[in-house]
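Colleague: Top to bottom, those sequences are chains R, G, U, P, S, Y, W and E. Using my numbering, you'd call the opening residue of the first sequence number 1099 and step up by one each time. Using my numbering, you'd call the opening residue of the second sequence number 1099 and step up by one each time. Using my numbering, you'd call the opening residue of the third sequence number 37 and step up by one each time. Using my numbering, you'd call the opening residue of the fourth sequence number 37 and step up by one each time. Using my numbering, you'd call the opening residue of the fifth sequence number 169 and step up by one each time. Using my numbering, you'd call the opening residue of the sixth sequence number 169 and step up by one each time. Using my numbering, you'd call the opening residue of the seventh sequence number 725 and step up by one each time. Using my numbering, you'd call the opening residue of the eighth sequence number 725 and step up by one each time.
There could be a bad hint or two in this list.
Keeping only pairs whose Cα atoms sit at most 20 Å apart, straight-line, the calculated EDC-like set for lysine to aspartate or glutamate is [what the hints assert, rightly or not]:
id, chain 1, residue 1, chain 2, residue 2
1, W, K1029, Y, E226
2, E, K979, E, E943
3, E, K1029, S, E226
4, R, K1118, P, D288
5, W, K1098, E, E943
Keep in mind that the hints were calculated from the coordinates and are not lab data.
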Amino acid sequence: MIESERKIIITMAETKKEKKPKGTIVITAERCKGCSFCVEFCPTDALELSKQYNKKGYHPPILISEELCNGCNICGLMCPDFAIYGFMFNKKGAKAA
Amino acid sequence: MIESERKIIITMAETKKEKKPKGTIVITAERCKGCSFCVEFCPTDALELSKQYNKKGYHPPILISEELCNGCNICGLMCPDFAIYGFMFNKKGAKAA
Amino acid sequence: MPEELYEIETEVPGNTVEEFLRMERMPHIWCPGCGIGTSVNCFAHALETSGLDLQKVSVVSGIGCTGRVAGYVNLDSFHTTHGRAIPFATGLKLANPNLKVVVYSGDGDLTAIGGNHFIHACRRNLDMTVILINNFTYGMTGGQVAPTTPLTATATTTPYGNFEQSFNLPYLAESCGAVYVARWTTYHVRHLTKAIKEALAKKGFSFIEVLSPCPTLYSRRNKIGDGLDQMIYYQESSEIKHGADTKTVGLDFQGKIVVGKFVDIERPTYLDAMNDYYSKRLGDKFVHYNG
Amino acid sequence: MPEELYEIETEVPGNTVEEFLRMERMPHIWCPGCGIGTSVNCFAHALETSGLDLQKVSVVSGIGCTGRVAGYVNLDSFHTTHGRAIPFATGLKLANPNLKVVVYSGDGDLTAIGGNHFIHACRRNLDMTVILINNFTYGMTGGQVAPTTPLTATATTTPYGNFEQSFNLPYLAESCGAVYVARWTTYHVRHLTKAIKEALAKKGFSFIEVLSPCPTLYSRRNKIGDGLDQMIYYQESSEIKHGADTKTVGLDFQGKIVVGKFVDIERPTYLDAMNDYYSKRLGDKFVHYNG
Amino acid sequence: MRTEIKIGGFGGQGVILSGDIIGRGASIYDNKFATMIQAFGPEARGSSCSAGVIVSPEAIAYPYITSPEVMIVMSQEAYTKFTPELATGGILITEEEMVSPHNLRKDVKHFSIPATRIAEELGKRMVLNIVMMGFTTAVTGLVDVEAMRKAVLVSVPKGTEELNMNAFNRGFEYGEKVMQN
Amino acid sequence: MRTEIKIGGFGGQGVILSGDIIGRGASIYDNKFATMIQAFGPEARGSSCSAGVIVSPEAIAYPYITSPEVMIVMSQEAYTKFTPELATGGILITEEEMVSPHNLRKDVKHFSIPATRIAEELGKRMVLNIVMMGFTTAVTGLVDVEAMRKAVLVSVPKGTEELNMNAFNRGFEYGEKVMQN
Amino acid sequence: MKADPKGVLTGAHFIDGDHACSEGALAAGCRFVAGYPITPSTEVVERIAERFPHIGGIFIQMEDEIASSIAIQGAVWGGKKAMTVTSGPGFSLMMEHIGYAAMTETPCVFVDVQRAGPSTGLPTQPAQGDMMQARWGSHGDYSIIALSPNSPQECFDLTIKAFNLSEQFRVPVMFMMDECVGHMIERVMIPPADEIEILPRRFYEGAKENYMLYHANGEMVPPMVKAGDGYNIHVTGLTHDERGYPSMTVATQEKLIPRLIDKIKLNEEKIADYREDQIEDAEIVVVTYGITSRTAIPAIEQARKEGLKVGHLRLIVVWPFPEKYIRSLASKVKAIVVPELNQGQVVLEVERCAAGKVPVKLVPHVGGTVHNPKDIYNAIISSNNQKAE
Amino acid sequence: MKADPKGVLTGAHFIDGDHACSEGALAAGCRFVAGYPITPSTEVVERIAERFPHIGGIFIQMEDEIASSIAIQGAVWGGKKAMTVTSGPGFSLMMEHIGYAAMTETPCVFVDVQRAGPSTGLPTQPAQGDMMQARWGSHGDYSIIALSPNSPQECFDLTIKAFNLSEQFRVPVMFMMDECVGHMIERVMIPPADEIEILPRRFYEGAKENYMLYHANGEMVPPMVKAGDGYNIHVTGLTHDERGYPSMTVATQEKLIPRLIDKIKLNEEKIADYREDQIEDAEIVVVTYGITSRTAIPAIEQARKEGLKVGHLRLIVVWPFPEKYIRSLASKVKAIVVPELNQGQVVLEVERCAAGKVPVKLVPHVGGTVHNPKDIYNAIISSNNQKAE
Ligand SMILES: Cc1ncc(C[n+]2csc(CCOP(=O)(O)OP(=O)(O)O)c2C)c(N)n1
Ligand SMILES: Cc1ncc(C[n+]2csc(CCOP(=O)(O)OP(=O)(O)O)c2C)c(N)n1
Ligand code: SF4
Ligand code: SF4
Ligand code: SF4
Ligand code: SF4
């Protein structure tokens, strides 16, 4: 999960070695209006609403666990506020550190 | 065929005794615009356009022969100018002279 | 041999159609061979046998040759603005539900500028009878293309012929919810009379498309001849198919002209729906509306 | 036990939808849980994969919440008057046939005040894609009844519930001649994206009805819950039936919501019909029109 | 001098075209000014119709006909309706067989021509108005005859030029003869 | 004296209803005049909203708020946006836990109440605005307390009268205490 | 006649101008409303929709404003009192039917809650930009009456007056509210029904045979009948004779059109309604209407305080324009100031009637909000400096 | 720029005003026309429909006038010069879109062939009853230009001028014909294309990055771009900033609306077009426009013959009203006579600008036909008797 855009190196907790994440999401939390579409319709149930508020007073989503996200971007298609999108890791660039 | 309205006694030529007319028409010739709808669609072909002109310069219809008319009023329904109508003889009142 | 004469003593009935007309306004403005007058006969005869209280019948027209019908019928009659006969009739009917409201107007009036009101009135199932005289052109303004003009037919605004597909009006009316939909031509005077009578008796939005000759601006320009030729064409080319699927009755003038009664269903009218619904919803608090 | 960490080195692509938006105008005015934004994602993704030259894509909207789409897409875009997106788009398209013209507007805009333009554009088969966001109400003005509001649903102008039947829009579109007709909901983001892509690729009048939540003024008032509840309802109650007879897809909210692609036929567009017809009719004298 | 011309007849006789030809002849080919006004009306279908033309060496201000000096009449109805308007001493030109000039005012100069018959002789009844135009040119001298010929040529349907020219000439000759008498 | 009151918060806090109650209390039950103006705007959905009320013993001419003497603020956003408008020496009333009054002007009389907490204690967070109304009545004395009670009673949904009266009273009492100190 | 108690919500209310307008219509006996939603007028029909089922009346949300503006006329001929409600863009769409109502002498009320234009403009903010449109927006020559309320109370009172005037003169009456007045909430006192004076429709009472729909019988306004009464009436927007029949001649036109205009114009003083405040000794008069009549008050008071002789003339009836009154006013005072929430509309008439006798100063405002009283004050001051000697 | 020869039917023609208007539009480079038939304007579009297939242009008969009046604006943004054509009732339906064109600064031409109204009125007969409507018919404040031709020749010439003005000021131009001029047939000289001056659309030429749709750059009229040019423009009828983005604030409104009005108002003298005839020594001036400028001539000539010093001022551009000119005229002459084919419309502006300096006498006419010159003559005589001393 990426909080600000265009990061090149993503550092994440490795929970289960056998299940490497295929992609991740980018969230612009301040745009979120907390509608939960992304959370509800994520095919891998990778998201939940964060406990925290954004400035507008909404709870933006967070990844429950990185390896659940497959980067399918259903959340991105669903999000009415252009606040989230998913992408798949570029195979070439991705490597475990 | 009646040229002016509300006549009570209709005098007509008796051509064939076996075929008594069942009805007749009333024409207000000055209203006619000569469209021929009545002539064309009279089920008994009882009408033709007269040779004479009305004031507007149209040829109004006349009965070819009285006994052809059955008073069905198709001509009346057809006439776009309310210039003709047919009616059936009132059985009670009708008698040959 | 001199002709024998015989006399029939009979009462000559008046022309019953005249009771329905403002005879003091005759002659009317319609051209020789125009079918509008023919349709008015059918309307008058339908009214005559309808059993309706004529004091309670109102005719509403838009603007056009057909729109002039309102000015000739000896009933309460309203010659409104171009395209707006239906919404005027809506107000009239809803203000006094005891009125029988008939909208009588042209194809351009009801389906070009007035198309929106037409579809919404169908949808609402407003209780009115709409008689649409389809002469395939705008008569009053001199023969322009209409949403009903057949492909390739010429009009003053399509001097080289029309390339726009026309509406299939019965299909349109059905798709929006009209409860009675029929098509006849002015040749079919008896059928048309009967259809109008049925429509007048029908509760809800009843719609009759009447194909009618406009010799002056349509038939002649399109080399169909005069009014009579057009009538003969209707006689020869029509096929009566009651209950035909409206999807199939589009007028392409290649095959037969399908006429008949296509739709006759039941559905609550706007006002009945309102009264029923509010009664259920508001109970005694609702003041039942009947004008 | 401390978590092990690993790193993935990857290029983070931008949010591709942003290229299609005027990001300087964000945040947009749409409410939390409103489906309009969702539909815009689908539109953007459809455009992205459409292969269209985006310089040549214009979006035309009327007035309404949905009408604001024109103001947010980073394309040539026209926010016109209420109900008139289609005739504006007609002029735009005919003036420059090289443009791909998309009309994006609300149900009230396109089928209440704009209903006439809708049916005539279908009839003429004008080459444009119409995306209609049906939220069953007038959002922008605060939740009045629309020609799409289901029976018994309340709105500010039907405070006790609606008793007017709504339009079956796919049926209406088909009856007037649209060549591509589909319905999806904002839940069906992938299908909707694909449908928009197909519609963009289709020559002629393509029409997509998109059922969309308006939590603020429709769902909450009607106790359906918020946007999410409405989305879940769409998920659960929709049934995909490609090729369904449009007559049968009316929305009565008793049974299933039928979604899918209903119509996909071929018919010459207005401009092709014109060019073909005039070429045949006028030969060399005709100056072929391509803008 | 401003000259007002009124043409009356019924639909189909080419009333409007007649006015058009006079106006065109005068204004395009004879260096004069001409203004033509058609009588419009939703009720004018098929019944009597009329055209008013003003011809003048100077620009024409008031465009309507108020008291025509020349009147061309091709139907009885038009005769009855319009002749009262004819200016004192004006010229009345009638179709001889269509119009019987009852109660004609004494001050009026009256000319008539059997234009329909002449047109029928030429094989096309429709050109009666062109015959009238030729005749009018001859008896009024209002517009130069060559100008009128040109106006006829451009005003009639392609392919009918010869027929119409004949019609014009027949009318013109008839008129010249009348004037000689 | 004309008193201008501005109420700010976010949607759902009952900002408009608050204005309504003050206005109704003053104009219907307290023999004063009141004018209320809502801030409308297509973009006002769900975000911050405000109402302006003018209370005056005389008929009110100019209907807009230009420099409020009383300001009731229920959100930080409203605090930031609106407090600069507060008249010199004006009264500021804030929801204690929603608003932290940074950089407050010296001239301002500030009162605050944990209205949300009190409302939650009463079992319904929604009545926080009524708590605020009671408090405002006590600290400003703008409108007669009985008039305010009547206004609350007719303005709230049927069946919630008691709850709302409790809320009002709690706020009012809190305010009286504050004033005694 | 007194109002029907069914429609009268007697009591003191704290409601906005839109809702007060609805109540005024109900009290006036309006039982048919057709409309189409548009900010900031929608609240009027929303309240009507809520109230009618309990009173016995019909509200129909039509497909557009064109339909609404003609449906009400159908309803009037069906026997109801009727109105439609809209704002700028919708008002523009009603123009053809204002002409139809004027031509057919169909009494009805058009409510226009003005917002800042042109076009979509600032849909939620006030202006007075449709004043000339109300007078001139339909093609051809005709007359209307236009009223301009400045408070919710007046929205109630003057809506009743609008209905009464429309019946009295058989003319469409324009009720020119604005967003500020429409959305402003104030106390509205609704009196008991028997204190509300209502003008019932004047129906024809003579012999049926002699009835002619547009025979004014020496007066300027013919009595009405309604559909279903057995008169076989014909109503048309074509030029028509006294029977109502189309008669497309200049002679008929010359009989009809001047009557339609004169029935308003010649009754200008009867219809006129204005409020004078400190006019007696005034050297400068501020002429206002609608909301501007309130925003001008602080400016006038300020100037008076400073010793300037400023008076206030507030037009309640804006059309017909009180020509005679303004002409005489211009002879008495030294300057006129006209603040308008527009770029100068009614001021043109003021200036015309002032006929050069005194300087007329416009205080324009683009709308979106109301005037700052300072701008009006400044105009008063500068008028005072340049006033006519 | 010179006209494109393709659209120019060079030569002498004997055609009516409607057809001459069509030819003017073609010569002006109009290549998109949307319309809906209505007497007495239909001939304009009929001729266009006949001519376009040979020239390369599109005529579309829309479903109504509302559609027509917005379709042309779509076409303008698509890059074409465009017009729509109608008469009174249709013109009434176009009012909303005149406001849209003014607000979005969409150059286009509205032709209104006036017939006698109000409502359906006398559809085949002339009037000048829509003059105030042309100025004020849409809601809110805006400006337009209106021209008034008096002959078929002018229908040609001034249609070109109408297009040029609309491009120059990015404003909708009203071309106010009337039935008499529209159906009158006279000689129309169409010059060779290279003698016809056409104002091409002024497209933006600066750097793409800097482009702002409504940035007037110190001038009053911003340059245009068209759809497809890659600017990603946004056009809206909402109050908008220089980028074209909605900006619903009073500040933006205050920037936008005065510019829209001032670009016409401040250029009043530049736009003004009138003909003076014997004004130099005149004591009485007859102010006319359109067909009335011809019917007044016999009256003026007659009066001159009788020794009265009568001059003739004919307005070709009626809106913006030549305020300054009339003000100075009123200082010079002793009376003004204004014949109009209506019950008094433009005369209100004349009277206002005359500012009481001279009596202004209206010679009204209900339409249906043109004035009898005698009526104008009588007004001249009576004005002569009461003229300002
Ligand atoms: C708003 C408006 N637009 C246009 C017209 C002109 N107009 C009068 S009738 C008509 C069309 C008539 O055609 P149709 O409705 O088919 O009736 P028909 O004359 O053929 O019977 C038109 C366009 C008008 N009167 N009003
Ligand atoms: C001529 C006109 N009439 C009415 C309006 C007011 N209005 C603005 S948007 C709208 C309806 C919006 O509903 P819809 O089209 O369903 O779009 P949504 O807001 O639901 O997306 C209306 C009635 C207007 N702007 N113009
Ligand atoms: S879909 Fe978008 S707006 Fe909704 S919760 Fe997820 S990120 Fe937030
Ligand atoms: S009444 Fe019948 S049978 Fe007799 S003429 Fe008429 S159509 Fe023929
Ligand atoms: S123009 Fe056509 S529709 Fe009109 S009256 Fe003549 S024939 Fe009938
Ligand atoms: S009102 Fe409804 S349609 Fe409009 S933005 Fe809000 S949720 Fe969406």
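Colleague: Decide, hint by hint, whether the structure agrees.
Modeller: For each hint, the structure was consulted:
1. W:K1029 <-> Y:E226: holds (18 Å)
2. E:K979 <-> E:E943: holds (13 Å)
3. E:K1029 <-> S:E226: Holds: E:K1029 and S:E226 sit about 18 Å apart, inside 20 Å.
4. R:K1118 <-> P:D288: Outside the cut-off at roughly 46 Å; violated.
5. W:K1098 <-> E:E943: violated (30 Å)
Going through the hint list in order, the structure does not satisfy hints 4, 5.
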